[in-house]
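Enquirer: Residue numbers (numbering that gives the first Met the number 0), protein chains in the order written: chain G, 0 to 734; chain R, 0 to 494; chain L, 0 to 99.
Calculated from the structure, these hints are not laboratory results.
A hint or two may mislead.
What the hints assert, rightly or not - Calculated cross-link-like contacts (lysine-lysine; reagent style PhoX-like; alpha-carbon spacing at most 20 angstroms):
| hint | chain 1 | residue 1 | chain 2 | residue 2 |
| --- | --- | --- | --- | --- |
| 1 | R | LYS362 | G | LYS107 |
| 2 | G | LYS22 | G | LYS107 |
| 3 | R | LYS61 | G | LYS22 |
| 4 | G | LYS372 | G | LYS460 |
| 5 | R | LYS61 | G | LYS157 |
| 6 | G | LYS372 | G | LYS486 |
| 7 | G | LYS157 | G | LYS107 |
| 8 | G | LYS157 | G | LYS416 |
| 9 | R | LYS438 | R | LYS362 |
| 10 | G | LYS107 | R | LYS438 |
Residue strings, one per chain:
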Amino acid sequence: MVTYALIPLLPLVSFIVVGLFQKWFRNQAHLICVPMVFLSFALSLTALFDVAQGNTVNVDFFEWIPVGSFNPTFGVMVDQLTASMLVLVTLVSSLVHLYTVGYMHGDKGYDRFFAYISLFTFSMLVLVTSNNFLQLFFGWEAVGLCSYLLIVHWYERKASCNASLKAFIQNRVGDFGFAIGIFLIWVTFDSVDYQTVFAAVPEHLDESVSFLGWEVNVMTMIALLLFVGAVGKSAQFLLHSWLPDAMEGPTPISALIHAATMVTAGIFMVSRCHPIFNASEVAMMTVAIVGGFTALFGATIALTQNDIKKVVAYSTMSQLGYMVMACGIGAYAAGMFHLLTHGVFKALLFLAAGSVIHALAGEQDIRRMGQAKRHMPTTYWTMLWGSLALAGIFPFAGFFSKDEILWQAWNTGMMGKGLWLVGIIVAFMTAFYTFRVFFLVFYGADNMDHEVRHHAHESPKVITIPLVTLAIGSLLVGWLGQPFWGKNPVHEYMSPVFQSAVSGTPALQAHATPLPDLVTAAFADDDGHGAPAAPEAALGAEAAVTPDAVATPEVAMSAEAVVTPGAVVTPEAAVSAEAVVTPEAAAHPVAAAAAHGEEAGHGGHDKGAEFALMALSMLVAVSGIWMAHRWYGRPSQAPSRLAAAYQTLYQGSLNKWYWDELYDAIFTRPTLRLANRMWRVADDIIIDKVLVDGVAITTRITGEILKFFQTGRVQHYAMVMSLGIFVIVGGFFLF
Amino acid sequence: MDHLISWVIFLPLIGAAIALLVRDHQTVKIITLVITVADFLISLPLWLGFDHGTAAFQFVEKAAWIPTFHINYHVGIDGISLLLVIMTTFLAPFCVLCSWHAIAERSREFMINLLVMQTAMIGVFCALDMALFYIFWEAMLIPMYLIIGVWGGVNRIYAAVKFFLYTLAGSLLLLVALIYMFFNGGHTFDIPTLMTVGFDPRAQMWLFAAMLIAFAIKVPMFPFHTWLPHAHVQAPTAGSVILASVMLKMGTYGFLRFCLPMLTDASISYTPLILTLSVIAVIYGAYMALAQSDIKKLIAYSSVSHMGFVMIGMFVYNQQGIEGAILQMINHGVTTGALFLCVGVIYDRRHTREISEYGGLAKTMPVFCTMFMIFTFSSIGLPGTNGFVGEFLVLLGAYKFHPLTSVLAATGIVLGAVYMLHLVARMVWSECSNPENQKLTDLNLREWFVLAPLVVMVFWIGLYPAPFLDVMHESVLHLLDQTAGVAGAQQIAMN
Amino acid sequence: MIPLSSYVILSAVIFFIGVIGVVIRRTIIVVLLSIELMLNAVNINFVAFSHYLESITGQVFVFFTLTVAAAEVAVGLALLIAIYRNRKTVNVEELDVMKW
């Protein structure tokens, strides 16, 4: 318990020490930061294994803002979801810390940089270990702050300033929605604690709130508002344009914050709040569509970018879209799995790109690279592995996680089929642009400047060691989620979270499984004899309620949920599952038995389909790589001819579909202009000069007129006085 | 110690009397510093000895003062005023320190003004007799008028006169309301007694209107805010700090002390108006801040925006909102005060407040920039800083009362990030191209001592606000009791 | 028997002569004389009403008024001399220092 608290606190300690005593470190800040974060990593590993044995932890340390029934705390919650994030965050952070020692060597802000990445690590760990929404929000904004501070690390560059501002403000727009989501959660549930809220979801399913005159289901509203936060943080479509700009920051930051950890916070949050998302079909569809669209959108832009980091950034955006899409179809475990593998291989790609940039004296334009293979073999090999992983080539990590998502999408009704199609197109593009960069940098024509080529060198050990570690990781980590035999280990590990008593059923799958709790029940019931072992109760419920649904592919989803048996059942899940299963299953004993037989054949069929789809996506990926090789592996006219033929499309993609210009035209400039106009006209002239000073001026003018009556001559006063008497006396007589 | 509150109120006045007898400027500065620190120290027992379990006024002192008119010297504090008193005494030494060299001429008279003003300000928060309240309320104007008018910038006379007349005009309406309440509330000025009177609802509407104008000018609410930028820009640093940190709170404090408990029916009726104006203030202030090229003006407009949050919090009739509002008053005092102190630091070096004159300060003044950034993030309400706790509670309470208000006001937080970070980008980041800026020196020890305690406060309230919230629970619940019956009905009507 | 109204009309006429004198004459001395005229108009009224109402109070008041008038003339003339010494004029048109 205390050790878990140490996981975030250790980086905080190094931040405070380095931050306060920066002057004394003289570029030696890594001496404290690196060991601390490695220690954190070690503790995270112990957490991972502890949790695997079912020892989840949820403690409150102190009350943060106790006001009436609003009582958020600072606490630690470590379950399977958190533990896997902890390991990812601390692993990537450790390696990035190490890498930074080499990469930022000699930088003026070396110690400051270390202080901030430690602070970032702390914030991210607070975010993932939170046990309530407000602490989540704390971490959520704190990582945004660190991102801001690190993007602006080279503060003298105008581009860094603008990028940092943009990142913070776009994130703030997302946080705005997120905060309102928290308000609504509190108003609805009278609590912001995860467990209390999730447990109470079923009681509030049918409530609605009014939103600009519409009555909206409260769960839909909450889920959509929270998702606005995720859109901002995970750079989904509409709030995406900060992420590529954020590449102005030093490369280690791009790897750590803008690829592996912070940007995945949105996916983590959606997974964490899955009981709420599951309860709303509209929200799930929105999530799925936004994710799918972002995946496609990012990939189309990545095709034509010429800045090596921008390509990787847009690919990050696209992959985040994949993960969000996975969440949208209810395949949270698949989304989290892709998050983990992506964290590893994307960090690798960024760090390798950083290594290239470092070796080529800061050159980032891939058109001025080429034939780098012979200068930097280690970087070449590690980048190759990373690219293969991103492209989704067996047996690298991306293959497993991406195909898992595609498979789950395939199985989620008509919309899922559409998303699958999007996914497969994106997979092709991903393979193409990834290897476009790869071939342009390491093969192709040698376009380097003479000066640059002369100095091109392999990076030092502190840089290559993290690269090699991550490369090995991107080869191995995918096998954690292997689908070939037995049970999928990642699903098995995550199942206590995503199939817990409070989870509910993903809304898009609810057509197929109208009795959500029974899936849970089945899963708890299953004794773990492997995939073909029939999950009677679940399919029993299935068959009992919608008998015809059994034949449709949707059912596979429920089968999938069941494939992950309860080897690691947490006590509370088991208890609640029992409570649910007894009456319901008893009600349909016959149907349950009938379904048993159906399922046996069904499972086998599904495996076959899954392998077929895998083969298809492999084919797609390989053809993408082949195309990249044909066009960029050696000098070729094909790309420029194609660009000339489809000028509109090419320019659109190259200019990011003009999204920056659009925002500039509809938000940035009108806002500034409006502010200026309003200040000069409304505030300065109308309110201040006319109204306020107007009163003063009226008073003065009145005085100016009246002062003529004061001549200073006694006789005038006497005359006015006597006239006054006449008037009064006269009036007295007249009336 | 007996008569603790009286000591806290009048110690600065005694100090002023002593300072009058001393000719030497340096000695007067030291006396003032000692007095303000001593005042802070003796005000701490108010907090430490405060009984959390009751909503009654504590440390009460009462003595007949002008028996003919039933005016008493009656002072005391409850959970609402306690923190404001502590904040006033806490900030006073920093005002003295930041004027140490900045006020070169007539520094003796300046210090005396500061001391007199402190007595008046603490008096306002402690007074439990309306006549006494009014006297302190008006007495405060004079030293402030002198501080702006004598030690201010180029356009000081205009700003000082505007400040004085504008607030005075409002105060007179307050006086009328007080006199009406005296005659119709049983010939007494006693605040606790008047809270139990229950005025005629029709009369309440007029009384509320009068007080609304008086307090709205002080807060300042939109559209009564235009004196603030002038006053802030022209005032010396210490004047800006006091103005922003303490004087603006008097308006909101007035609403809490008079309007809500005494004029409950009218408060409910005026709630839609006040919430509308406050939401406008939040967004409008932010927009105005965005357009400024003068640092002090920018912060002044940001005050308009932040005080809008406070107003919203008070008029949503739930514990979260009101406690958030009170905490936000403290936060605004700490943060905006600190921002003005920061501006003072660079103004002392460069003698300009134009943002375009600065740039790349991170290079030459790293410590200063770090602190300035911390206050900036506090101002935009980043979690972990004090600004977050207050604003979040206010918006949370507002959401419970009327969601649209909360949603609209929350856009102010986004805009807050825009204008503050825009300022930071132009001032702290970017290239240090101006040769004047390249030879700037970082904080000296005195400035460090001024800003560091405020940084501590930012994080203390941000991470562990319980000690501050605990003292106000009972008083706020009591206040809610006073308004409860009507508020419930109104909420239904509004939705 | 002369009716009361005649006295009142006489008094009013004298009073108005005094008022007009105060308002339009430029020399302070004449202004002072006009004030005396107004006082005496009042005195006529006092005496007339005293007789009419058969009450001695009005006549007592006349003595007071005469005393005050005498004192006033003394003070007024003293002021007049002081003003003349300062300003070398007794023209009221030029004495407009009540305006600042």
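Enquirer: What's the verdict on LYS438(R) and LYS362(R), does the C-alpha distance respect the 20 angstroms limit or exceed it?
Expert: Holds, at about 10 angstroms.
Enquirer: With a cut-off of 20 angstroms on the C-alpha distance, tell me whether LYS107(G) and LYS438(R) pass.
Expert: Roughly 18 angstroms separates the two Cα atoms, so the pair holds.
Enquirer: Would you check the hint for LYS22(G) and LYS107(G), treating anything up to 20 angstroms between C-alpha atoms as holding?
Expert: OK: LYS22(G) and LYS107(G) at ~12 angstroms, within 20 angstroms.
Enquirer: Hint check: LYS372(G) vs LYS460(G), CA-CA at most 20 angstroms. Holds or violated?
Expert: holds (17 angstroms)
Enquirer: Between LYS372(G) and LYS486(G), is the straight-line Cα distance small enough, at 20 angstroms or below?
Expert: violated (40 angstroms)
Enquirer: Taking 20 angstroms as the top limit, are the C-alpha atoms of LYS61(R) and LYS157(G) close enough?
Expert: violated (63 angstroms)
Enquirer: Taking 20 angstroms as the top limit, are the C-alpha atoms of LYS157(G) and LYS416(G) close enough?
Expert: Since the Cα atoms of LYS157(G) and LYS416(G) sit roughly 45 angstroms apart, the hinted pair is violated (cutoff 20 angstroms).
Enquirer: Are LYS362(R) and LYS107(G) close enough, with their CA atoms no more than 20 angstroms apart?
Expert: It holds: about 10 angstroms lies between the C-alpha atoms, which stays within 20 angstroms.
Enquirer: Quick one, are LYS61(R) and LYS22(G) close enough, alpha carbons at most 20 angstroms?
Expert: violated (56 angstroms)
Enquirer: Does the alpha-carbon distance linking LYS157(G) and LYS107(G) stay inside the 20 angstroms limit?
Expert: holds (18 angstroms)
Checked against the numbered hints listed earlier, the structure breaks hints 3, 5, 6 and 8; every other hint is satisfied.
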